[in-house]
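There are 2 protein chains.
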Amino acid sequence: PPFTDFDMAYFNSYAHVGIHEEMIKDRVRTETYRAAIMRHQNFIAGKVVMDVGCGTGILSIFCAQAGAKRVYAVDASEIAVQANEVVRANNLSDVVIVLHGRVEDVQIEEGVDVIISEWMGYMLLYESMLGSVITARDRWLKPGGLILPSNATLYMAPVTHNDRYRESIDFWRNVYGIDMSAMLPLAKQCAFEEPSVETIAGENVLTWPHVVKHVDCYSVTIQELQSVTTRYRFKSMMRAPLHGFAFWFDVEFNGPAISQTNRQPSALMADNQAEDGSQRKKRTNPNEALVLSTAPEDPQTHWQQTLIYFYDPIDLEQDQVIEGSATLSQSRENARFMNIRLEYASGQRSFVKECVMR
Amino acid sequence: PPFTDFDMAYFNSYAHVGIHEEMIKDRVRTETYRAAIMRHQNFIAGKVVMDVGCGTGILSIFCAQAGAKRVYAVDASEIAVQANEVVRANNLSDVVIVLHGRVEDVQIEEGVDVIISEWMGYMLLYESMLGSVITARDRWLKPGGLILPSNATLYMAPVTHNDRYRESIDFWRNVYGIDMSAMLPLAKQCAFEEPSVETIAGENVLTWPHVVKHVDCYSVTIQELQSVTTRYRFKSMMRAPLHGFAFWFDVEFNGPAISQTNRQPSALMADNQAEDGSQRKKRTNPNEALVLSTAPEDPQTHWQQTLIYFYDPIDLEQDQVIEGSATLSQSRENARFMNIRLEYASGQRSFVKECVMR
Numbered sequence: 007p008p009f010t011d012f013d014m015a016y017f018n019s020y021a022h023v024g025i026h027e028e029m030i031k032d033r034v035r036t037e038t039y040r041a042a043i044m045r046h047q048n049f050i051a052g053k054v055v056m057d058v059g060c061g062t063g064i065l066s067i068f069c070a071q072a073g074a075k076r077v078y079a080v081d082a083s084e085i086a087v088q089a090n091e092v093v094r095a096n097n098l099s100d101v102v103i104v105l106h107g108r109v110e111d112v113q114i115e116e117g118v119d120v121i122i123s124e125w126m127g128y129m130l131l132y133e134s135m136l137g138s139v140i141t142a143r144d145r146w147l148k149p150g151g152l153i154l155p156s157n158a159t160l161y162m163a164p165v166t167h168n169d170r171y172r173e174s175i176d177f178w179r180n181v182y183g184i185d186m187s188a189m190l191p192l193a194k195q196c197a198f199e200e201p202s203v204e205t206i207a208g209e210n211v212l213t214w215p216h217v218v219k220h221v222d223c224y225s226v227t228i229q230e231l232q233s234v235t236t237r238y239r240f241k242s243m244m245r246a247p248l249h250g251f252a253f254w255f256d257v258e259f260n261g262p263a264i265s266q267t268n269r270q271p272s273a274l275m276a277d278n279q280a281e282d283g284s285q286r287k288k289r290t291n292p293n294e295a296l297v298l299s300t301a302p303e304d305p306q307t308h309w310q311q312t313l314i315y316f317y318d319p320i321d322l323e324q325d326q327v328i329e330g331s332a333t334l335s336q337s338r339e340n341a342r343f344m345n346i347r348l349e350y351a352s353g354q355r356s357f358v359k360e361c362v363m364r
Numbered sequence: 007p008p009f010t011d012f013d014m015a016y017f018n019s020y021a022h023v024g025i026h027e028e029m030i031k032d033r034v035r036t037e038t039y040r041a042a043i044m045r046h047q048n049f050i051a052g053k054v055v056m057d058v059g060c061g062t063g064i065l066s067i068f069c070a071q072a073g074a075k076r077v078y079a080v081d082a083s084e085i086a087v088q089a090n091e092v093v094r095a096n097n098l099s100d101v102v103i104v105l106h107g108r109v110e111d112v113q114i115e116e117g118v119d120v121i122i123s124e125w126m127g128y129m130l131l132y133e134s135m136l137g138s139v140i141t142a143r144d145r146w147l148k149p150g151g152l153i154l155p156s157n158a159t160l161y162m163a164p165v166t167h168n169d170r171y172r173e174s175i176d177f178w179r180n181v182y183g184i185d186m187s188a189m190l191p192l193a194k195q196c197a198f199e200e201p202s203v204e205t206i207a208g209e210n211v212l213t214w215p216h217v218v219k220h221v222d223c224y225s226v227t228i229q230e231l232q233s234v235t236t237r238y239r240f241k242s243m244m245r246a247p248l249h250g251f252a253f254w255f256d257v258e259f260n261g262p263a264i265s266q267t268n269r270q271p272s273a274l275m276a277d278n279q280a281e282d283g284s285q286r287k288k289r290t291n292p293n294e295a296l297v298l299s300t301a302p303e304d305p306q307t308h309w310q311q312t313l314i315y316f317y318d319p320i321d322l323e324q325d326q327v328i329e330g331s332a333t334l335s336q337s338r339e340n341a342r343f344m345n346i347r348l349e350y351a352s353g354q355r356s357f358v359k360e361c362v363m364r
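Chains as they are written, first to last, in the numbering used here: chain G, 7 to 364; chain H, 7 to 364.
Hints should not be assumed to be uniformly reliable.
No copy labels: a pair is met if it fits in one copy or bridges any two.
Unchecked claim - Straight-line C-alpha distance at most 35 Å; calculated DSBU-like pairs for lysine-lysine:
(1) Lys31 with Lys75
(2) Lys194 with Lys75
(3) Lys241 with Lys75
Worth flagging that the hints you see were computed from the coordinates, not collected in a lab.
From a predicted model like this one, the values you see are computed outputs, not experimental measurements.
Extracted from the complex, chain G is given alone in its bound form (with noise of 0.2 Å):
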């Protein structure tokens, strides 16, 4: 694809150190990342590599220190160049190569063993990573190979938020005295058009969650993430005003594809060649599916929860139902950006809201 305006500005976002530092400390991300390249080690060690997006390069080196025989570091903002620094400045240079550009554009020479990526963005597909992510499969993964993670899955849920809606919307009905309502309509717009990256708890949700989209990383296509749809329906568990959807997404580090885990045996070899064995205690059961999850109920991860709130709330009383659609799709104007159309019908009234991710 064309390297665009959007991408120079997409790339550029992540050349300032600060995200990084953010993602990093987020120990939730970095430390199951870290887990699942210890979890398998045994099929890394002595492979070839390639880390979609590498950033820093933190994943690189933890491949490195798995036994990776060599790591494609790719990357297309000018945070590559750090991370060579860093790379060299821990003579690794030998194994980790950082190649500076995009995946649709570096070249490489051999096929790859393992793809290793951290391409979330909020709402799972924001950023339209994972297409970096699916060039890179096809184009160099190995019959066989690891694709970490391996799935992943995007929920929504109905939420009920008063302490929001007070804070940012009832407050103008009295502001030291003064009734500000007038400021309601444009306060709610602001505060509601566009969906917001907040922290909710379990406690906000009111019924399980729906599966809006499932994604195979070893068989998903970039064509059917151009845009998603899913019909829900939600049986409220409580008596609450509905304030708006939730959404959140988990993701899993599984082995290679079911028709392909025939292990090798230089990986067999490699099975006790940890550099770091603190992690391998944390393998108490190692075909337990490791999960990085950013459900509200979970640890608090950078992602937190993406909100997308009505203008006005509806009152729903314990079992009743909400239906209708969603639909997440690429910006035609920016792919960067997500274009989110809402359906909502209870009880008699229907409703629509869209939205844009920017």
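Place chain H on chain G using the hints.
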């Protein structure tokens, strides 16, 4: 002055409700303004007021509550439309006249007795909104009129802030066991290139502050704000690493300029017409200056403090002298931006740091 694209961007930034919510919810700010209006109620009652940059109109309404005959509420941002709605909903349309436009462009047919404005930006002078207050003063303020706030003072002081340095810089020395010190130059640049608005504690301040600029709102000129230079000399009260300088300000709400203090009969007559009597109780000593302070040792405001960090700390001994100069000037490119040039010397070493607040 001409209406530039930069003005447009500046006014647009105030069209969003969030910024007004933040300012109004800053109780130190809003309650001090209200207290100031109530303290000068004798003067305001029956008079003509202009509110420069009225936002949602809250200060104008406070002035109406204090008995103003007429309040011209001026704002160039689209928020003026909302201010007008709020005024109407409070049945104050016959007192508060909302003018949607720049102070430099609006027309009013009478002089004003009082100018009130919440014009202070970060580091006091950022945003350059004081120029509009000066324009209003020179165009409309009657002799003996009142300006609230009446004067403002910008301070600076050397600070130590190990936590901040450790968190953003030293962090890279050991990232999950990996030495990422190669990130340090970029991390320092990203963290400390620009002024940082953040809250520090009194303990971070190494000695008494230096007055960078005192502004008398009755006499200050636009000319003298274009560039402010000060020479400072600090003697550290403790042994500590010097990480940079903090800037903060306070403003006072004193009566009309000394030469013009003759209260007029109409004001005296209105002495007991306070709608909000509760404020009166705070007037234990009506001659004591009412101060809105953003100093580190005072309750936090949305202005916080503005920090200018060095790329590398300087180890100070107790009583060691740091001296140099600071220049704050309007950017030529965009008068809403501020160029900051710091010269500092300690022992045999001297340094220059230049940055821009955008």
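Outcome of the hint check:
1. Lys31 with Lys75: Classified as within; 27 Å inside a copy, 57 Å across copies.
2. Lys194 with Lys75: Answer is between: at 33 Å across copies they meet the 35 Å cutoff, but 55 Å inside does not.
3. Lys241 with Lys75: neither (52 Å within a copy, 57 Å between copies)
Hint compliance for this structure: hint 3 is the single one not met.
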